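Each chain, letter by letter, is given below.
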Amino acid sequence: MIAGSTMLASQLSWLRGYASGENKESDRKARIGMIGIGSRGHLLYLHLLTIPEAEVVAVCDIYPPHLERALRMSEGKAKGFRDHRKMLDEMKDLDAVVVATPLHTHAQIVIDALQAGKKVFCEKSMAKEPEDALKMVNTALETGLLLQIGHQRMFHPGYLRAFELIRNGQIGNVTQIRAYWHRNSDWRRKVPAGNVASFADPAMYPDMEHFINWRLYRAYSRGLMTELASHQMQVANYILGHYPVEIMGAGSINYWNKRGREVYDNVNLVYAYPDGTQVIYDSMTSNKHYGLEEQIMGPKGTMELEAGLMWSETPPPAPGILQLINNIEHGIFDNIPLGGASWVPDTPVKDTGTPIFDGEIDDDGTHLELEGFVHAVLTGEKYRELLAQGYYATIAVLLGWEAMVSRKVVTMPDELVLKNI
Amino acid sequence: MRDTVITAKAKKRELKYFGISFVIAFLLNILAIIIYHTQWKELITQLWTVVELSVVIYAILVVIRLIVIGVARLFGKDLCSKE
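Note that the protein sequences, when read in sequence, are chains A and B. FYI, the numbering for the first sequence is 1 to 421, going by the numbering used here. FYI, the numbering for the second sequence is 422 to 504, going by the numbering used here.
Everything labelled a hint here was simulated from the structure, so no lab data went into it. Check the hints yourself; a few may be wrong.
Which residues of chain A face chain B? A partial, calculated answer using Cβ under 8 Å [as the list claims (entries may be wrong)]: (1) A116; (2) L165; (3) G320; (4) L322; (5) Q323.
Listed next, with one range per pair, are the computed distances between beta-carbon atoms [as the list claims (entries may be wrong)]: (6) E435(B) with R167(A): 57 to 65 Å; (7) E293(A) with V444(B): 25 to 33 Å; (8) R486(B) with N335(A): 42 to 50 Å; (9) I361(A) with I465(B): 48 to 56 Å; (10) Q323(A) with V444(B): 47 to 55 Å; (11) R167(A) with E473(B): 38 to 46 Å; (12) K433(B) with E293(A): 38 to 46 Å; (13) L495(B) with D351(A): 46 to 54 Å; (14) V426(B) with N335(A): 42 to 50 Å; (15) D364(A) with I441(B): 53 to 61 Å; (16) D351(A) with K433(B): 53 to 61 Å.
Here are some, though not all, of the chain A residues that point toward chain B, as calculated from beta-carbon distances under 8 Å [what the hints assert, rightly or not]: (17) P317; (18) P319; (19) I332.
Just so it is clear, the structure is predicted and the values come from calculations on it, not from any experiment. In this text, a Cβ means the ideal position worked out from N, Cα and C, and glycines have one as well.
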C-alpha cells in the first residue's frame, strides 16, 4: 500500500479505492495473462509473482526463449502461447492481461484484449500513432473496461507527495518545467543468432537485428520520445493540469550514426500549454552527466522530482550566530575590491535542498502500479483519469516526434482531444 | 622525558578561562540575534554552536597567553611561576 495514500486519495481519484483497502476480505485472485515477456515484461512478471492477489495463469510471447523463460518462472502454473489471439480465445476465465510488447504492436493487442472482455494493463507509450492511441481509449470506453497505462510515477510515493505539495501552493503557480533524460549508450542490445522467420512475420521483422533492437527503427518505435519522454511528459501534463497545445522541436542523429539507427539519438523540444507555461524537454544518448530529472519551477520554489528535493525561493535565514561568524570570516579573509561590481552573476543556489518525502522508497512505482492494477481488476475500478494521463502523455510525445520530423510547430488537433473523459 | 604535573590550581585557572570563553560566545549569540533580527529560541537551539565558538575563543586565548608569557620571558620575567 502506498505510504500516506489515504491523505492523498482525496485529490487523486485512482487512489481512492486503493487507499481504502477495499477487497481486503476477498480471497479471489485476479487471473492474469502476460503478453510480451521480454525485458520489461519479465520485470512486471517478477513483480506480479510477489502480489498475493494476482495469479499469472497464461504467458504469451512470439520469441521462444522469452516464452520458455516465463514458463519456467511459472513453475507449471501458467499455460504458454505464441499468439495472443489464441490465448484470448482459449483462456476465457482470464480477468486481465498485461501487455509489454514492442510499441508498434500495443494497439492491436490491447484492442483485441478489450474486445475479448479483458481488463488491460499496457506499458507506455500507448501506441506509435496518435490515431491508434485514440482507438485504444475509445475501445476501453465502449467496452467499459479498465485500461491502465504503465506510468509508474503516478503511484510513486515521492511523486504523489510532490503533486500534493504543488497543488497546495508550496512553490506557487508552476511557471516552467524542465525535464531531461540523458544516457551515454547507443541503446543497442546484443543480437542472438536465430532465424526470425521461424517465429515472427518476416514482413514485419526482416532480421533478428530489427526484432531485438526494435527501439532503434521508425517502423516500430519513436525512440527516445516513446520510450523515455513519455514518463516525464505524463508528469508535466499532470502537474500543469492540461495537455500541451503547441509543440516545437529539433532532433537528429549526431553521434550514434552508424549501423542503421533510424530514430534520433538526441531530441530537444518546447511544449506550450494554454496558460503560457512551457515544458522544455531534452534527451540525449552521448552524455550521462546530468542523468534524468524533472525540474518544477514556480515563484515560490523549485522541485526536482527524481532527486526528491525542493528549494524555497526565500529560505529561512541562517541562525544569527552563524551569520555573525560568517560575516566576521568574510571581513577577515575576503579581498577588498578596488572597484565596485556593476553586475552580480546569478549563480545557482548551492543549498542542498529539503527532501520532498520523508519515508524510505525502495520501488520506482512499478510494484505499486501493478498492485493498483490488480486491485482495480478485482474491484472494478476503471481509473479513467489515469487513462487520460496515459493517453495525453502518448499524444504529447508523438506530436513532439511529428514536430521534429516535420520541422514545424505542431498544434494539438481537436480530433485528438478526448471528449468523454 | 619528564612527567608533567597539572596542578589543581592550573585546572581551575583553565576552567575559568573556558568559562569566560563560553560567556563571551553566549553574549555574541545574544548580540547576533539582536543584529540579525532572528528568533530568541536560538539561545537554546544554537547552544552547540555557542560551545563550538567557546572552544575557538579559548584556543585564541591560549595563543594570546602563550605570546604574553613568551614576551615576558624575553624580558626576564616568569609569569608562570608568579601564578
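Inset, instruction - Just pull the numbers of the violated hints for me, sorted ascending. - result: 1, 2, 7, 8, 9, 10, 12, 16 and 19
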